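A.B. asks: What follows is the residue order along each chain.
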Amino acid sequence: MRLKNVVRRAFLPPFQSLGRALVRAGAVIRLYATDLACIRSGREVFAGVNFTVAAGEALLVVGRNGAGKSSLLRVLAGLIHPAAGKLVLEGGKPEFSIAEQAHYVGHQDAVRPALTVVENLAFWARYLASPGGPGMVPETSAAGPGADGTSTATEAALEALALTHLASLPAAYLSAGQKRRLALARIVAVPRPIWLLDEPTSALDTATQQRLAELMRRHLTAGGIILAATHGPIGLDGAQELRLGA
Amino acid sequence: MSALAALLVRDVRLAVRLGGGAPMGVLFFLIVVTLVPFALGPDMALLRRIGPAILWLGALLASLLALDRLFAADYEDGSLDLILMSTVPLELAVGAKALAHWLTTGLPLVIAVPVLALFLDLEPLAMGAVALTLLVGTPALTFIGAVGAALAVTLRRGGLILPILILPLTVPVLIFGVSAANAAVVGPVPFGTPFTILCGLSLISFIIGPFAAAAALRHGLD
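Line order of the protein sequences matches chains A and B. All you need for the working numbering is the position in the first sequence, starting with 1, plus 503. All you need for the working numbering is the position in the second sequence, starting with 1, plus 381.
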């Protein structure tokens with residue numbers, strides 16, 4: 504099942520060891536895009552997008568409705584091929600693609616109503632955190648002990664999003680905000696350096712918005728990167744702003 | 382392995398909890414098989430002779446019933462995006478999902494065969510032959526069907542186009558499944574000849590199905 508990695512390990516040993524050396528030397532990651540363009544069914548959504556985000560930095564993607572905020576995040580998540588431009592992650596793990604080192608929380612929460620809250624989360628934790636998968640770069644324990652898809656990580660993530668009391672409830676009974684919290688618990692349970700959040704605060708109450716802001720600040724302190732599409736402040740001071748469709 | 386096992390367990394658990402696939406498939410199978418004697422009349426000798434073919438046709442149609450849900454639910458709720466972003470190769474994820482689908486919809490059909498064979502007055506030997514060929518052949522139907530399910534996932538009302546895409550591709554499986562079942566009862570070909578080809582068709586579908594379905598999913602989502 505590690506087919507992809509086996510192939511990569513066979514062909515990429517020099518790059519991999521270089522990557523490891525950089526990590527050991529405390530090298531930080533940096534994500535940059537040059538002249539990125541996206542075309543959806545013949546219509547240009549955005550073009551000429553440039554940005555650089557380094558470890559510990561956040562980039563807020565803003566713009567009117569339909570400016571291409573969600574499309575930009577989906578391009579970064581590897582779900583849409585960019586029509587033009589380059590997207591590079593420096594200092595990451597070269598054997599993994601950018602998408603494999605990123606978490607994506609889109610408009611859909613990927614929560615299955617027939618499973619309980621903890622079953623939903625435990626599945627994604629196990630599926631996304633395969634052993635030898637992309638952890639944080641550099642490796643830190645900032646995400647908490649055992650944050651590797653184990654049941655401890657699942658419990659810690661439920662705790663972090665205040666879902667512990669709902670753990671055994673079928674997800675069908677969750678409100679929109681609680682479903683969003685469950686989706687966000689997923690990215691806490693499995694450490695990945697890049698967070699791609701599409702309007703993460705939608706449907707969240709103010710207490711949870713503060714909780715999320717705290718989690719995001721902790722992620723940045725640990726050397727992570729956050730790109731968030733948003734219409735309002737999400738509690739990250741000093742974040743860069745990228746305006747689309749201006 | 383743990384990621385694929387997690388996906389398999391999740392899909393089986395969902396199928397059992399939602400309760401759609403297995404009972405509906407078996408009931409549909411039952412109805413198709415029951416309709417045939419009404420159409421043909423109570424000619425026991427005729428039913429006995431064409432029994433294996435009827436069971437195979439019924440199983441083929443029943444296995445199509447829930448196939449359009451194979452990727453549709455994951456597409457609708459955004460799970461497919463995350464599956465694509467995982468380090469697990471998409472081909473293996475498709476294989477795990479197809480296996481879970483077969484366990485919850487294909488296997489119950491095989492288990493139902495002995496009961497339905499009584500309706501068609503089949504000998505125990507013929508019943509065993511049909512059950513064995515279906516056990517080997519229905520996974521091929523699911524894995525071939527996965528390609529159609531992947532193609533239909535981004536289409537509105539894709540469920541309607543799915544049988545049209547898939548049924549022509551299942552013809553070889555049907556031919557060798559029925560001929561193996563018949564060979565066991567009446568000959569003249571030894572059972573092993575068509576049965577080996579049926580096994581081969583299944584093995585080919587295990588390889589081609591996941592790769593083609595994964596390519597279709599990647600293309601469809603872009």
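Treat the hints with caution; some may be incorrect.
Unchecked claim - The calculated label-pair distances, taken between Cβ atoms and stated as ranges, are: (1) A:A675 - B:P505: 41 to 47 Å; (2) B:I585 - A:N568: 16 to 22 Å; (3) B:P423 - A:S654: 57 to 63 Å; (4) B:L584 - A:Q713: 51 to 57 Å; (5) B:I556 - A:H668: 34 to 40 Å; (6) B:L411 - A:A550: 36 to 42 Å; (7) B:P505 - A:S544: 54 to 60 Å; (8) A:L590 - B:L536: 40 to 46 Å; (9) B:L411 - A:P673: 26 to 32 Å.
As the list claims (entries may be wrong) - Beyond 12 Å from chain B on every Cβ pair, some chain A residues (computed): (10) D612; (11) A670; (12) L718.
Keep in mind the hints are simulated off the structure, nothing from the lab. Keep in mind it's a predicted model, so treat the numbers as computed, not measured. Note that CB positions come from ideal geometry on N, CA and C, so glycine has one too.
A.B. asks: Does each hint hold? Answer for all of them.
C.D. replies: Cross-check of the supplied hints:
1. A:A675 - B:P505: 41 to 47 Å: 46 Å, holds
2. B:I585 - A:N568: 16 to 22 Å: Violated: the Cβ-Cβ distance is about 48 Å, outside 16 to 22 Å.
3. B:P423 - A:S654: 57 to 63 Å: 60 Å, holds
4. B:L584 - A:Q713: 51 to 57 Å: 56 Å, holds
5. B:I556 - A:H668: 34 to 40 Å: Violated, since I556 (chain B) and H668 (chain A) (Cβ atoms, about 58 Å apart) do not stay within the stated range.
6. B:L411 - A:A550: 36 to 42 Å: Violated: the Cβ-Cβ distance is about 58 Å, outside 36 to 42 Å.
7. B:P505 - A:S544: 54 to 60 Å: 58 Å, holds
8. A:L590 - B:L536: 40 to 46 Å: 29 Å, violated
9. B:L411 - A:P673: 26 to 32 Å: For L411 (chain B) and P673 (chain A) the Cβ distance comes to about 31 Å; the hint holds.
10. D612: 7 Å, violated
11. A670: Holds, since 16 Å exceeds 12 Å.
12. L718: The claim holds: L718 (chain A) sits with its nearest Cβ about 19 Å from chain B, beyond 12 Å.
Of the numbered hints listed earlier, those contradicted by the structure are 2, 5, 6, 8, 10.
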